[in-house]
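Chemist: Residues per chain, in single letters:
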Amino acid sequence: MTDTDITPGDVPGATAPVPRKSFREARRMIRTYSRSFSSMLGLALVTLFLFVAVFGPWLAPFPEDAYGAVNFDIKLQPPSAEHWFGTDQVGSDILSRVLIGARTTLQIGLTVTGIAILIGVPLGLIAGMVGGWIAETIMRITDIFLSIPGLILAIAIVGALGPGILNAMLALSLVWWPGYVRLVQAKTLSLRNETYVDAARALGAGPFRVLFVHVLPNCLSPIVVKASMDMGMAILGAASLGFLGLGAQPPYPEWGAMISTGRAYLPDWWWCSFFPGIAIYLTVLGFNLLGDGLRDVLDPRQR
Amino acid sequence: MLEIENLKVHFPLPSGQTVRAVDGLTLKIAPGETMGLVGESGSGKSTVGKAALRLVDSTSGVIRIGDLDVTKARGRQMRKLRSRAQMVFQDPHSSLNPRMTIRRAVAEGLILNTSLRGKALRDKVAEMLEAMGLPAQFHDRFPHELSGGQKQRVCIARALALDPELLVLDEPTSALDVSVQAQILRVLRSLHEARPELTQLFISHNLAVVRFLCQSVAVMYLGRIVEMGPVDRVFDAPSHPYTKALLSAVPVPEATRRPDRIRLQGDIPSPTALPTGCAFHTRCPIAKKDVCNVQEPPRIELQDGRLVRCHFALGSAPE
Amino acid sequence: MDPLLDIQNLSLVFDTFDGTYHAIDDVSLSLKPGEALGLVGETGCGKSVLTRAAFGLVPSPPARITQGSVKLDGMELLGLSDRALRQVRGRQVAMIFQDPMTYLNPVFKVGTQLVDAIRAQHGGAIDRKAAREIALDMLEKVHLPNPLRQFESYPHELSGGMRQRILIAMALAARPKLLIADEPTTALDVTIQAQILDLMAELVDDMNLSMIMISHDLGVVAQVCSRVAVMYAGKIVEDAPIRDIFDSPLHPYTQGLLGALPHPFRPADDLESIPGNLPDLLDPPPGCRFAGRCTYRRPECTVPISLENVEPGHSVACVLRPGEAATTDSATKDLNHA
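Chains as they are written, first to last, in the numbering used here: chain A, 1 to 303; chain B, 1 to 319; chain C, 1 to 338.
One should not assume that every hint holds.
Below, computed lysine to aspartate or glutamate pairings styled on DMTMM-like, alpha-carbon distance capped at 20 Å [as the list claims (entries may be wrong)]:
hint, chain 1, residue 1, chain 2, residue 2
1, C, LYS141, B, ASP267
2, B, LYS72, B, GLU3
3, B, LYS72, B, GLU165
4, C, LYS32, C, GLU308
5, B, LYS244, C, ASP198
6, A, LYS75, A, GLU64
Computed list of chain B residues with no C-beta within reach of chain A, every gap over 12 Å [stated by the list, open to error]:
hint, residue
7, THR59
8, LYS124
9, ASP236
10, ARG257
11, ARG261
12, ASP290
By construction, these hints were calculated from the structure, which means they are not laboratory data. Just so you know, even glycine gets a beta-carbon here, dropped at the ideal spot from N, CA and C.
Starting from the given sequences, assemble the full structure and let the hints guide the process.
Modeler: Right, here's the structure in full:
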């Protein structure tokens, strides 16, 4: 608060011009973010992942290997100049499969997180704003979902629906939303008591205006932070289902399924599961570090 | 202008108890008058202000702003209430949405209640902010880029933009430093001349500030008014023992300590369990057994027009 | 008489991401035994940091003391080990703060906490029973109603005023040489504040307590203290007996503060407001830190200035001399004397 205070009647000329707020704010955020090595590492990993997800098919040396091409004469070859990550039990190039699998992984992460937000955020807002038996019902159902380990529930759902990548995403989405209800409801409850919400009501703002103009925008930062971390967790969840044979089915290039198939060839042909494993590890790490960094920047308590 | 009759605002607690925040309050403010509503925490003074704007629902009683019955207002009448009565809150830091520029904050009430749009709206907002001493280069800033005093001036501009007849000010300076408080007080006082028709209810625990700003004052204790009248009369010759104690407890900015001190013993009783009879009898230095703890004191009108709720207001103090 | 507390030329900076923040700059302040001093200033003036820094309560980093000395009863405190400082704080200097609830543990009974604190003050050399005696005796001294019953209460069952009395009792049980009271009544209601201020005035008079009371409110300080030091932007600008501060303030900032205060019993037509804001302490002005807002500003105000004794017991850091400001400042005078 170093800008000059102007008393009524004073000449306004004394105030120094200030750069546009959005510009200064963004610069401050970037500075805070870039100060942390781990945040920058997260950003780099996520950027790399997104790049591969978009351009994977063009980067892959043997793109047809990702979709079930079989070359038994070169099966289970160790990493070499031609096949950097080696080849698997049917002679497919693992590097190609990992690169092309990134897109699947991104789809899974976006779908699961997106559906969870679409279900969870409105329910959280309703529970926080309305109160009464409606809120009570929403929150108790949320509690029930939260009390069951997510992956176990997802396994049960996929078990009922049948294995497959779509069903795996659906199952993960169904177990992912309660976290958002919790987050948004708590945030809404505290925002509802902010004086500026009272002030808006005194100005004649109805419940919808209060909700969409005054409450929701102030909930966005924690939602963004949670979503970026959940991207990583959802990818891990999908990989776990794939590993258990409940997600994507071989030869579909999904990292979890690749590890699962490669498991049979451990430890002698380690590269079959090692490289998809590293890919999952780096991606999940990247999203988590990114989320941590965003929290530091967006969390109002830091201001 | 503002008329409150036998207002009660009770809040049920989860424990089954009831907080009797306001318990039978009656007051009247003339058009253009500034009335101070003073009391300590738990006296219910803020609740009165919020009830006047329907930010809390009242349990019983009548609140009228002009010819508008606030407690019964619905739909269109509620809209009318919004342009008739506005409020400025205690903490300027939390009264502004952190994600809105101050231009938008001031525009919000106008968008909701008037047909002003586009350039006309922009001009009106700019005029309101400039009248509060915030020139154009501030208008696109966000609240966290302003100082506390500047934020509070934005809040006043926002409230006045709707041209209200009643302005409720809930401790508008108590979160501010002394020199900033003086700025805001001067702004509010200048409203007396700039908007002579504006009625103000100034809620505060700071008696010195009330003396500077208000023409009349109402002293609250546990949900009721114990003394009400012209500010000079109440401050210079308080009649109710609580008013006397309150005034003699004010730290006065001068070197000599005041000799005529009345010190209350103990704390304010909880508004969940109001004392019987006169609510003040548990701390009152002149309370008389079998009178004050049994009978509710009547509302006595003194010769100078003051209203006092005390059994001994007319001088028949106990021996 | 030798001073009890003697702070000389103390400077403290905070190393922040944006640069070096000069929070305390070349401050000297001393306190005689039995004296009650008020340290007054607005938010950000450094009044709390000053007293905390003197007793090693400002974490370093980010804080850094760049110069000065702090002597308590002749003993230099700067440079003492954390352990030694803890001993000083427990036994020789006691502190009470604005929000008593923060300093009481909600899960233990008040009595238990008092007894534990007193035993710690004695280094564990006394048993619980003796400590309990001392505690009850202290509660009596701070006029806590029903001390035996409150002994068995939990902090949340007590009112703010009672909690503050308990903290005062806890602080004074060790018979400290010095009590630091940091805004002790700011969170309290007016009538409760009056009770606590009365109590503090009584303790100063009867127990011969030496005290520094930090407050933003000159009126509150006047109830207890005999001397006032006014701080602005990390510097003491005026240091004088309470009567002089109110009757003949010399520094324009002190005058401005007084002119900004409404008086409950003397209706005023107008208040003075001090235009402008605190200077940026990341890059403080070279001379007087108030110059940017001062109506009497002169060219020589850019030259560094320190407190100078102008009358017995009255020091001020300003190029103006008694009489110079008063002639042009009749408005403030009227407000304070009318």
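Chemist: The structure should be examined with respect to each hint, and the outcome stated for every one.
Modeler: Structure-based check of each hint:
1. Restraint check for LYS141 (chain C) and ASP267 (chain B): the C-alpha separation of about 18 Å stays at or below 20 Å, so the hint holds.
2. For the given pair, LYS72 (chain B) sits about 14 Å from GLU3 (chain B) by alpha-carbon distance, which is consistent with the 20 Å threshold.
3. For a cut-off of 20 Å, the pair hint linking LYS72 (chain B) to GLU165 (chain B) stands: about 19 Å separates their Cα positions.
4. Among the hinted pairs, LYS32 (chain C) with GLU308 (chain C) is consistent with the structure: their alpha-carbon atoms are about 19 Å apart, no more than 20 Å.
5. For the hint linking LYS244 (chain B) to ASP198 (chain C), the alpha-carbon distance of about 17 Å falls within 20 Å, and the restraint holds.
6. The hinted pair formed by LYS75 (chain A) and GLU64 (chain A) meets the criterion: a straight-line CA distance of about 15 Å does not exceed 20 Å.
7. Separation of THR59 (chain B) from chain A is adequate, the least Cβ-Cβ distance of about 19 Å exceeding the 12 Å criterion.
8. With 12 Å as the threshold on Cβ separation, the claim that LYS124 (chain B) sits away from chain A holds: the shortest Cβ distance comes to roughly 14 Å.
9. A cut-off of 12 Å between C-beta atoms confirms that ASP236 (chain B) is not in contact with chain A; the least separation is 31 Å.
10. The beta carbon of ARG257 (chain B) is kept farther than 12 Å from every beta carbon of chain A, the shortest such distance being approximately 34 Å.
11. Listed as outside the interface, ARG261 (chain B) is consistent with that label: its C-beta sits roughly 36 Å from the nearest C-beta of chain A, beyond the 12 Å cut-off.
12. A cut-off of 12 Å between C-beta atoms confirms that ASP290 (chain B) is not in contact with chain A; the least separation is 44 Å.
The structure meets every hint from the earlier list without exception.
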